[in-house]
Each structure stands twice: as structure tokens, then as C-alpha cells.
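Q: Going down the list, the protein sequences come from chains A and B. Counting in the numbering used here, the first sequence runs from 33 upward without gaps. Counting in the numbering used here, the second sequence runs from 609 upward without gaps.
No lab work stands behind these hints: they were computed from the structure. Being a predicted model, the structure only gives us computed values, none of them experimental. Just to be clear, a hint being listed does not mean it is correct.
[Said to hold, decoys possible] Calculated lysine to any residue pairs in the SDA-like style (CA-CA distance at most 25 Å, straight line):
1. A:K72 <-> B:W641
2. A:K34 <-> B:A669
3. B:K704 <-> B:E792
4. A:K72 <-> B:R681
5. A:K96 <-> B:R764
6. B:K717 <-> A:K34
7. A:K96 <-> B:P707
8. A:K42 <-> B:R673
9. B:K704 <-> A:T54
10. A:K42 <-> B:M705
11. A:K96 <-> B:R673
12. A:K72 <-> B:A669
13. A:K96 <-> B:R681
14. B:K821 <-> B:G811
15. A:K42 <-> A:T101
16. A:K42 <-> B:W641
17. A:K96 <-> B:K821
18. A:K72 <-> B:R764
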Amino acid sequence: MKAIVHIALKPGVLDPQGQAITGALHSLGFDEVTGAQQGKVIELDLQGVDRASAEERVEAMCSKLLANTVIEQFSVEIID
Amino acid sequence: MRTAVIVFPGSNCDRDAAHALTMVTGKQPAMIWHRATEMSAVDLVVLPGGFAYGDYLRPGAMAARSPILRAVREHAQKGGLVAGICNGFQVLTESKMLPGVLMRNAGLKFICKPVELEVVRTDTPFTNKYDEAVRIQIPVAHHDGNYFAQADELERLEGQGQVVFRYCDNPNGSINDIAGIINESGNILGMMPHPERAMGQNGDQGDGQLFFKSLLDAVG
Numbered sequence: 033m034k035a036i037v038h039i040a041l042k043p044g045v046l047d048p049q050g051q052a053i054t055g056a057l058h059s060l061g062f063d064e065v066t067g068a069q070q071g072k073v074i075e076l077d078l079q080g081v082d083r084a085s086a087e088e089r090v091e092a093m094c095s096k097l098l099a100n101t102v103i104e105q106f107s108v109e110i111i112d
Numbered sequence: 609m610r611t612a613v614i615v616f617p618g619s620n621c622d623r624d625a626a627h628a629l630t631m632v633t634g635k636q637p638a639m640i641w642h643r644a645t646e647m648s649a650v651d652l653v654v655l656p657g658g659f660a661y662g663d664y665l666r667p668g669a670m671a672a673r674s675p676i677l678r679a680v681r682e683h684a685q686k687g688g689l690v691a692g693i694c695n696g697f698q699v700l701t702e703s704k705m706l707p708g709v710l711m712r713n714a715g716l717k718f719i720c721k722p723v724e725l726e727v728v729r730t731d732t733p734f735t736n737k738y739d740e741a742v743r744i745q746i747p748v749a750h751h752d753g754n755y756f757a758q759a760d761e762l763e764r765l766e767g768q769g770q771v772v773f774r775y776c777d778n779p780n781g782s783i784n785d786i787a788g789i790i791n792e793s794g795n796i797l798g799m800m801p802h803p804e805r806a807m808g809q810n811g812d813q814g815d816g817q818l819f820f821k822s823l824l825d826a827v828g
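Make a model of the complete structure from these sequences and hints.
A: Here is the structure:
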């Protein structure tokens, strides 16, 4: 079983890296880009847990370590 | 004053901190490796600058969950003094011993230069030797020093006078020009600038000396 964790800055938190990406894309002529948000993807390999408890435990992992919830939000996807 | 410096893999200001502490107290600090689970009784613990655990995941994230941090937390809970400098400040916010977070600098660049700070609080164990509202020059050297706290947290910090140092000319985008803060109990301080690099031996004014002398004065 795998868990895919997506971590992104919360809306409203200043994202200078996203702004730099937007600016760089504009300079390459991609004017349709109105914003970019840079985040992280973490893939976890899991063993010996069922789907429901995997979801619960990975969310606990996010709150305890993988995301800093002062500025980041996360979502968890479990893949069999 | 008995002191200790915590050494993480990737710390690079641990010896600078030890040098400053030895210079001011006349005694060498205990250097404590991150894997230690306990430490001898000291008055002050310094979490030094550097890139603990390579700043993997987020600056300070791994260090905040390392074995020694439990002992540092217990030391603080008993009222012991803790100073987190630069990466040490990031460790303190990641471990929730101080509120907020240090984000990537607004200009995205690593900044390494002397900056001017206003000493906002002079009634703390870390700053009692400074004159009120004095401006001092201390170097910064960081990529992630952009302090941020949610609105309610920031209001609480400001309302309780927990901002100890402010940048006179904000280099990194920190909210409210915050360069250093203290916890509610007044025994845990985190700051991005490096007082241990301003001891008057590198052509600087030596404005960091009073930081360590304040601690010596507070502890005896």
C-alpha cells in the first residue's frame, strides 16, 4: 500500500517561490499563467495496515512531522 | 554560569557559540551530541546555527524531533534558559517551544551581512545589559529567516511584548520586522541574527557581547 501526501502553503500565506515561478513563466511567454503554488509530494510505502487506519495514521504523520500546520495544509491519498 | 551547546549533524555555529560562551563565562560549555537523551544540569542551553540534518523537509524539522530535544524541553520546563540562534530559532519554532515559523526569505536569496537591530526588550535574561531601545549591529546568515505567525498568534505576541529584537531595515520579509522573540515565561529566546559572530574579534563592534553578558548577569 502507498500513501501519497500533498503538502502546500495555506491560501493567504505569501509564497515568494510561487511568485518567482510565475514571473519566470511569463518571461518565457506563458502569459496565461496567473499564479503558481509550489508544494511537496511525499510517497510513503506502508505495510501491515488496513486502508482506514492507514488514512488516519498518515494524517497523524502529517500533523506531527510532514507538514508545518502553521503555514501548510496537506491531503492524503491511499493507493492499494 | 554552566552552559551547554547542542550539536546536530550539520550544525556549523556550535564552536562559535562555545567560543563566545567561554570568552564571557570563563568556562567551556558542555558540547552535547543530538543523540544524547539526557544532559547534566546547566543554566543555559544554546541551540546553535547551521543546517541541522541538512534542513531536510523543513529547516529545524528533524532536529525538533531528535532525542536531545526532549531533554532540552525538560530543562526549559524547569525554568532553565534556552537560546536558539538562527537554525536554533527554527528548531524552537518547529518544536513548538516558540510560536510561528521561519519561512524562505521573501527575496529568495541567502542573506549574509551585518544588520541593524532594535533591542525592544531589555528586561529579559538575554538582553538586560543593553540600553533601552538601543540599536545594535549583528550579522545574519540565513536562507529561511522570514518570520511568520497567524494573525491571532501575532496579536498575542505583540500584546504580551514577546518581540525582543526587530530589524531596523527588514532584510527577509519577516512580519512586523521580527528578528527575535521570547516565550511567555521569558526563559526561551529565538533569534535569527548571530550574536556569537559579533564578539568584537572580526572587525565588528562587538555588539553580541552584551547578549552573553546579560545571561551571565541573570544567572550569576
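Q: All hints, please: hold or fail.
A: We went through each hint and held it up to the structure:
The straight-line distance between the Cα atoms of A:K72 and B:W641 is roughly 30 Å, outside the 25 Å bound, and the hint therefore fails. Taking the CA atoms of A:K34 and B:A669, the gap is about 23 Å. The hint holds against a cut of 25 Å. Taken as a hint, the B:K704 and B:E792 pair is honoured in the structure, with Cα atoms around 13 Å apart against an allowance of 25 Å. In summary, the hint linking A:K72 to B:R681 is not supported, as the alpha carbons are separated by about 29 Å, beyond the 25 Å threshold.
Between A:K96 and B:R764 the alpha-carbon distance is near 24 Å, which keeps this suggested pair within the 25 Å criterion. With a CA separation close to 36 Å, the supplied pair B:K717 and A:K34 exceeds the 25 Å bound. Taking the CA atoms of A:K96 and B:P707, the gap is near 15 Å; set against the 25 Å cutoff, the hint holds. The suggested pairing of A:K42 with B:R673 holds, with an alpha-carbon distance near 23 Å, which does not exceed 25 Å.
For a cut-off of 25 Å, the pair hint linking B:K704 to A:T54 is broken: about 33 Å separates their Cα positions. At most 25 Å may separate the alpha-carbon atoms for a hinted pair to count; A:K42 and B:M705 meet this at roughly 22 Å. Pair hint A:K96 plus B:R673 holds up; C-alpha atoms about 9 Å apart against a cutoff of 25 Å. With a C-alpha separation of about 15 Å, the suggested pair A:K72 and B:A669 falls inside the 25 Å cut-off, and the hint holds.
The suggested pairing of A:K96 with B:R681 holds, with an alpha-carbon distance near 17 Å, which does not exceed 25 Å. With a C-alpha separation of about 20 Å, the suggested pairing of B:K821 with B:G811 holds against the 25 Å cut-off. Restraint check for A:K42 and A:T101: the C-alpha separation of about 9 Å stays at or below 25 Å, so the hint holds. Of the supplied pair hints, the one linking A:K42 and B:W641 is violated, its CA atoms being roughly 35 Å apart against a limit of 25 Å.
For the suggested pair A:K96 and B:K821, the alpha carbons sit about 37 Å apart, so the restraint of at most 25 Å is broken. In summary, the hint linking A:K72 to B:R764 is not supported, as the alpha carbons are separated by about 30 Å, beyond the 25 Å threshold.
When held up to the earlier numbered hints, the structure conflicts with 1, 4, 6, 9, 16, 17, 18 and fits the remainder.
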